[in-house]
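Chemist: Order-wise, the sequence lines are chains A and B.
Taking the numbering used here, the leading residue of the first sequence gets -11, the next gets one more, and so forth.
Taking the numbering used here, the leading residue of the second sequence gets -11, the next gets one more, and so forth.
What you were told as hints is all true, and nothing was included just to trick you.
Copies of the same chain look alike in the list, so a pair counts if it fits in one copy or across any two.
Derived SDA-like pairs (lysine to any residue); straight-line CA-CA distance at most 25 Å:
| hint | residue 1 | residue 2 |
| --- | --- | --- |
| 1 | 91 | 17 |
| 2 | 57 | 100 |
| 3 | 94 | 256 |
| 4 | 94 | 15 |
| 5 | 99 | 15 |
| 6 | 94 | 300 |
Quick caveat, the hints were computed from the structure, so don't treat them as lab data.
2 protein chains.
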Amino acid sequence: MITLKDIRDAAKRVAPYTHRTPVMISHQLNRMFNAEICFKCENFQKIGAFKIRGATNAVMSLSVEEAAKGVATHSSGNHAQAVSLAARNRGITAHIVMPSNAKAVKLAAVKGYGGEVTLCAPTLAAREATLEKILEKTGAHMIHPYNDWRIIAGQATCALEILDDGVRPDIIVTPVGGGGLMSGTALATHYIHPGTKVIAAEPEKADDAHRSFTSGKLQPSVDPQTVCDGLLTSLGNNTFSVMMKHVSAVLTVSEDNIIAAMRLIWERLKIVVEPSAAVTLAAVMQYPDRFQDQSVALILTGGNVDLADLPW
Amino acid sequence: MITLKDIRDAAKRVAPYTHRTPVMISHQLNRMFNAEICFKCENFQKIGAFKIRGATNAVMSLSVEEAAKGVATHSSGNHAQAVSLAARNRGITAHIVMPSNAKAVKLAAVKGYGGEVTLCAPTLAAREATLEKILEKTGAHMIHPYNDWRIIAGQATCALEILDDGVRPDIIVTPVGGGGLMSGTALATHYIHPGTKVIAAEPEKADDAHRSFTSGKLQPSVDPQTVCDGLLTSLGNNTFSVMMKHVSAVLTVSEDNIIAAMRLIWERLKIVVEPSAAVTLAAVMQYPDRFQDQSVALILTGGNVDLADLPW
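For reference, chain A alone in the conformation it holds in the complex:
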């Protein structure tokens, strides 16, 4: 488990390499939902997503010896870009295993940040086997995308900024995929302002966190079919344990509400966010009674979306 000091140390470590992202509000949305909503805009973050926080904290906290042989991970998404950029900022190599069916634009982005890409068959087994070989061959340091306390401490700096800005919302809503951001948010909030409830939101069609939360047992994600490509993974044992201790509720939202919420954010806030970010406002839409007359901070996790393939 990590302490408040770990989170504050992470904040110092990531500050030179990340943006302190702005918080936006919309009076129209407040009237529409009868709540006082603020949006933490991680879509404006470096690499277009909060993931740079955790990756930077992990990479920058390695000892000189650990860092010398580089870092490695497998990912087809924002974590790959985050580790690549964090490694470049430290001046070390990032080995990234990506599935051969990864989109060209994602491949180009990782290479653009200096990541050394190894392609493999598009299965989890192939990804893990390929990564294993690279770790053996290079001695690189593995950086897990979420079930790692350094990653969690890094992601916690997002909620830390909200609370350090003096905002003391009744509720913070965070998307949950693997649970790195959810765990960091829950811990930062627990340490700084335990009166704020942390609620996790996920697609109904990728409801492993909700099933885990309700059953009290870590349930894997099974064949998730959702527009939220950032919320497909299962929780890890660390993120699961933080969720059980410090998260108030896990709300599942429909695909229709995710898309409607995403569009509403684009139209009213005039910002580009990805579907995975919109589950937060979708939760407010789908469960109005929970949010009515409350002050609510929604974490908009990222803005990396294919503009030629929008869901409406």
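Use these hints to put chain B onto chain A, whose structure you have.
Modeler: Below, chain B alone, put in the same frame as chain A:
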């Protein structure tokens, strides 16, 4: 003609009713264009566009007697929303003449801000005749969308904010339609930092400002066919005269570059802007030699776009 004091007075008048919009930068775009570019984000402005500045200054500077009978204008775009909201803020009636083929979403927006809408046939003649009747009947005060010094002074507050923020760019680029924003930008810059060049940008397919600038005679817009629905109108005599005195160049840009620039802004800055705003970055793309190694402020005029009908 207006003075710096007129612009400063306008700034005081509009401040309570408008946002001081942020300026954004992107290191990636700077590298791509070999320039130091900042973006003034009027897409985040009230009503989603800079037009609220001019309308507010005009409405708030009316005497009690002038204001008593309300205000009126004809517009199918952002000016209609701006006048409606400014009138509501002053507690007076706004009579808005709109063409019967105006999009339902625009109609709803104007009504949402409390504007009293009169529909007419979709021709300029019908719009002017209908407005004339309303003015006769109500005694309302007419507010022209751009060829009015109060409007120009209001729009000038946008460049005033850029310069008051301490930014002293080599070049400010503004879109030009009717020329209210262009004139205000040119005058504010002339008074505060004449070393900064003001460049106007417009679509090749709506090149009346360029033709007017080159010929030295006010040329009307003839059947403009462009994706930039905010840049269809002709200059007025006031905006034309300011352009001839204080604008350095009028650059025309292709539809392809407008769409490419718009998409680049969405992808890199993660913000929603309308095509009319993107002519500014399109000018940087199309005329690289003019902007290379320069510091440049681009005014992103608005973000009101139909998300179901994007141009890519």
